[in-house]
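Residue numbers (our numbering), protein chains in the order written: chain C, 1 to 284; chain W, 1 to 78; chain G, 1 to 349.
Where hints are given, some of them may not hold.
[Claimed, not checked] Under the rule of at most 25 Å between Cα atoms (straight-line distance), these lysine-lysine pairs were calculated in the DSS-like manner:
#, chain 1, residue 1, chain 2, residue 2
1, G, Lys165, G, Lys264
2, G, Lys162, G, Lys264
3, G, Lys165, W, Lys62
4, C, Lys226, C, Lys67
5, W, Lys32, G, Lys264
6, W, Lys32, G, Lys312
7, C, Lys45, C, Lys226
8, G, Lys239, G, Lys312
9, C, Lys61, C, Lys16
10, G, Lys312, W, Lys62
11, G, Lys14, W, Lys32
12, C, Lys16, G, Lys220
13, C, Lys61, C, Lys24
14, C, Lys117, C, Lys78
15, G, Lys228, G, Lys247
16, C, Lys16, G, Lys310
17, G, Lys165, G, Lys239
18, G, Lys220, C, Lys24
19, G, Lys247, W, Lys62
20, G, Lys310, W, Lys65
21, W, Lys28, W, Lys65
22, C, Lys108, C, Lys168
23, G, Lys162, G, Lys15
24, C, Lys16, G, Lys330
25, G, Lys226, C, Lys24
26, W, Lys65, G, Lys247
27, G, Lys15, C, Lys24
28, C, Lys16, G, Lys14
29, G, Lys310, W, Lys62
30, G, Lys310, W, Lys32
31, G, Lys264, W, Lys65
32, C, Lys160, C, Lys67
33, G, Lys310, G, Lys220
34, C, Lys108, C, Lys206
35, G, Lys165, W, Lys65
36, G, Lys228, W, Lys68
37, G, Lys239, G, Lys264
38, G, Lys75, G, Lys14
39, W, Lys28, G, Lys310
40, C, Lys206, C, Lys226
If you're looking for bench data, these hints aren't it; they were derived computationally from the structure.
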Amino acid sequence: MNNEEFYIGWMGEAPKSFVTWIRKYLIVLLPVIIVLGVLLALSQKKFGTGTFEFGTLTEVKGIYFNKPVPNIKVVDGKNIFGNESYITVPLIGFGKHGADGVIADLEKEKNISFEGKEITLKGTLLYNDGKLLMQVDGNDKPLVNVSGANINSVGLQNTKELGIIEVKGEIVDPKCFFGVMKPGEGKPHKDCAIRCILGGIPPVLKVTDEKGNQNYYLIVGANGEKMNEAVQDYVATPVEINARAVAYGDWIVLYVHPNGLQRYSYIQQHFGNKTASCGVACLK
Amino acid sequence: MSTVTVILSAIALYLVAGIIFTIIFQLKGLSKIDEGVHGSSWGFRIIIIPGCIVFWTILLRKWIKANKEIINPPKEHA
Amino acid sequence: MGASYLAVGWNRQKKIYDWLIFGFCVLYLATFVVLTAIFNPDYTFETVLIRATSTLAVIILHVILSIGPLTRINKKFLPLLYNRRHLGVTMFCIILVHGSFSILQFHSLGNENPFVSLFTSNTHFGSLADFPFQALGFFALIIFFLMAITSHDFWLHNLSPKVWKTLHMFVYLAYFLVVMHVMLGVIQYETNPVFIIIMLTGSFTLITLHLIAGTREVKKDNVIYKLKQDGYVLVCDIKDIQEDRAKMFCVDAERIAVYKTGGKLFAVNNVCKHQNGPLGEGKVIDGCITCPWHGYQYLPQNGQSPPPFKEKVSTYDVKIEGTHVWLNPKAYAEGTERPGAVISVVNAE
Ligand code: HEM
Ligand code: FES
Numbered sequence: 001m002n003n004e005e006f007y008i009g010w011m012g013e014a015p016k017s018f019v020t021w022i023r024k025y026l027i028v029l030l031p032v033i034i035v036l037g038v039l040l041a042l043s044q045k046k047f048g049t050g051t052f053e054f055g056t057l058t059e060v061k062g063i064y065f066n067k068p069v070p071n072i073k074v075v076d077g078k079n080i081f082g083n084e085s086y087i088t089v090p091l092i093g094f095g096k097h098g099a100d101g102v103i104a105d106l107e108k109e110k111n112i113s114f115e116g117k118e119i120t121l122k123g124t125l126l127y128n129d130g131k132l133l134m135q136v137d138g139n140d141k142p143l144v145n146v147s148g149a150n151i152n153s154v155g156l157q158n159t160k161e162l163g164i165i166e167v168k169g170e171i172v173d174p175k176c177f178f179g180v181m182k183p184g185e186g187k188p189h190k191d192c193a194i195r196c197i198l199g200g201i202p203p204v205l206k207v208t209d210e211k212g213n214q215n216y217y218l219i220v221g222a223n224g225e226k227m228n229e230a231v232q233d234y235v236a237t238p239v240e241i242n243a244r245a246v247a248y249g250d251w252i253v254l255y256v257h258p259n260g261l262q263r264y265s266y267i268q269q270h271f272g273n274k275t276a277s278c279g280v281a282c283l284k
Numbered sequence: 001m002s003t004v005t006v007i008l009s010a011i012a013l014y015l016v017a018g019i020i021f022t023i024i025f026q027l028k029g030l031s032k033i034d035e036g037v038h039g040s041s042w043g044f045r046i047i048i049i050p051g052c053i054v055f056w057t058i059l060l061r062k063w064i065k066a067n068k069e070i071i072n073p074p075k076e077h078a
Numbered sequence: 001m002g003a004s005y006l007a008v009g010w011n012r013q014k015k016i017y018d019w020l021i022f023g024f025c026v027l028y029l030a031t032f033v034v035l036t037a038i039f040n041p042d043y044t045f046e047t048v049l050i051r052a053t054s055t056l057a058v059i060i061l062h063v064i065l066s067i068g069p070l071t072r073i074n075k076k077f078l079p080l081l082y083n084r085r086h087l088g089v090t091m092f093c094i095i096l097v098h099g100s101f102s103i104l105q106f107h108s109l110g111n112e113n114p115f116v117s118l119f120t121s122n123t124h125f126g127s128l129a130d131f132p133f134q135a136l137g138f139f140a141l142i143i144f145f146l147m148a149i150t151s152h153d154f155w156l157h158n159l160s161p162k163v164w165k166t167l168h169m170f171v172y173l174a175y176f177l178v179v180m181h182v183m184l185g186v187i188q189y190e191t192n193p194v195f196i197i198i199m200l201t202g203s204f205t206l207i208t209l210h211l212i213a214g215t216r217e218v219k220k221d222n223v224i225y226k227l228k229q230d231g232y233v234l235v236c237d238i239k240d241i242q243e244d245r246a247k248m249f250c251v252d253a254e255r256i257a258v259y260k261t262g263g264k265l266f267a268v269n270n271v272c273k274h275q276n277g278p279l280g281e282g283k284v285i286d287g288c289i290t291c292p293w294h295g296y297q298y299l300p301q302n303g304q305s306p307p308p309f310k311e312k313v314s315t316y317d318v319k320i321e322g323t324h325v326w327l328n329p330k331a332y333a334e335g336t337e338r339p340g341a342v343i344s345v346v347n348a349e
């Protein structure tokens, strides 16, 4: 180095040779930064098409049921026999909470049970992949109207036993998955899904078939009890469920057998036993 | 899991103590522990606030030591 | 130092530096956000913000960590080192956005305090596939936080240089935590190998740079000086040292800088009191040895910073025989005045 060229930060100007060198460095750095930005932005997985109508309140009229999860059945036109057909809209609460609390508060306020009654609720819709859910938030004054009389709900409950099934999939929280978050599934979202489910949002099993189509199941215990806490360790990871499946209108509910929820590892399933026995053999 | 809650509460408590300390320290102690503080700028005082809140125990020790030295100055200082 | 503290001692170079940091950050964020919005239109604002800031911060972290070894390999990189702390604080501010928004998005509005939720939602600390990667990010963020809030020289003095330097070495732990945070987090979800390739290339580059710079230092330190007499070792010829410059010699594990200035040779400890900068690569300016890293100054004859500053380094004895420079590696107490060795006209020829 030339004796004259010495760099000190507190001087007003750096010597020429330093300036040229740093300029070269920056000229290399600039495209690197841009290329990284482009690569990283473009290689992200495509986000789901879920929608959360944040800030928009919609009134929905339907018949309220508390089981298997709080929901309202909404008339959706007529089926081929001329009977009214319904879609089931599961209800969820504000933030990472289920709807049970809000509904219980409203029932207390009106001093009646909403079960089987026609009710008009105001809330925020979220939907994706043919499923519609609604957020009811106590702060939105969600109860618009509730009829005094019970509706004859026998026909509505329209349940159909589908027998015992075994399915593999991922447990997600439907609020994030069907609308609020991108991605609302998988490892990055795992903590959030657990927090939502522990907060009372009903767990949903997402099953992807060979064609890449997805089916969704509500999961509850063998006797219809909530499984929110029981699934904590099984959220956002591959699981296998053994359960009695019951079609409940347009949703299928899985009544999970005791011990019917297991982690599922592709590697272990296909290679695990071989490796394990090989390992044991080697040890011997 | 109460362990996490206990640890986090302890940290929060420590930091609250730090905030109280920092208010008093900025008013009275700061200029005693480091002479570079004399004539320092406002920006400097603001920029060190988060550090004072976190490292308040270390600063407190220095402050106590500086006070003692004012009462019995060490020999070499004369 | 003994002068009054300022928040930032602005000068022209620092302003240019900070504008460049700002420009690069805006450019990256704009590229990432705009492209995501165009090609992945179902994005949410939160996710784009979380991802744009996190990836930018990791890029800056790589730049920061490469500056040290780069300046050791080529001194022309020194202007990058001189305001590295601005880069560090910038990185912290950016990653704070990522961390806060992640905690808000993934942990708030639930049935548990968000910070408690961070550690209690996913408790699979024993599994790689399920590992709670957010906790790793949290600890890395704490380290960056501690570094950012202590970046002012006030803290270097008041925490003591030793504590301060130890704290700032934790950046390597933080880097490791970040790599694991990414590997055990988003990489397990994304299917495009670009992410893992970029992450591994980054780590590989950093490790290589550190190894190259490290081996050079070790080589310099391992030179063996054979000729000894009366505790002195023969280190070089007078001609080898330029006027107002120094050469660094590592004798008996002591790194010593031998300066030539004003017709004399002086020896001082090579390690700057500020942040261990190499004084032997400095220059005598206005009669003071000036550290090449941030410009701390010391008088060659006694190793003391000129008033009002208070730093002191050890001094050593040098002598000249013929044209040979002999150095005694026994250190005097920091700030001890030594006469130096006079270069007579005969020696110089
Ligand atoms: C409180 C601290 C932190 C939390 C809670 C946190 C949380 C998260 C979460 C949830 C993701 C996945 C987001 C997604 O869906 O894409 C993520 C990704 C990531 N984090 Fe962090 N993080 C924290 C700190 C850090 C720090 C300190 C760094 C590095 C300097 C960092 C770098 C990254 C990177 C590079 C990614 C992958 C890109 C992305 O998905 O955003 N994080 N973090
Ligand atoms: S290391 Fe900072 S001035 Fe020497």
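Numbers of unmet hints, in rising order: Of the numbered hints, 1, 2, 5, 7, 8, 9, 11, 12, 13, 16, 17, 18, 19, 22, 23, 24, 25, 26, 31, 33, 34, 36 do not hold.
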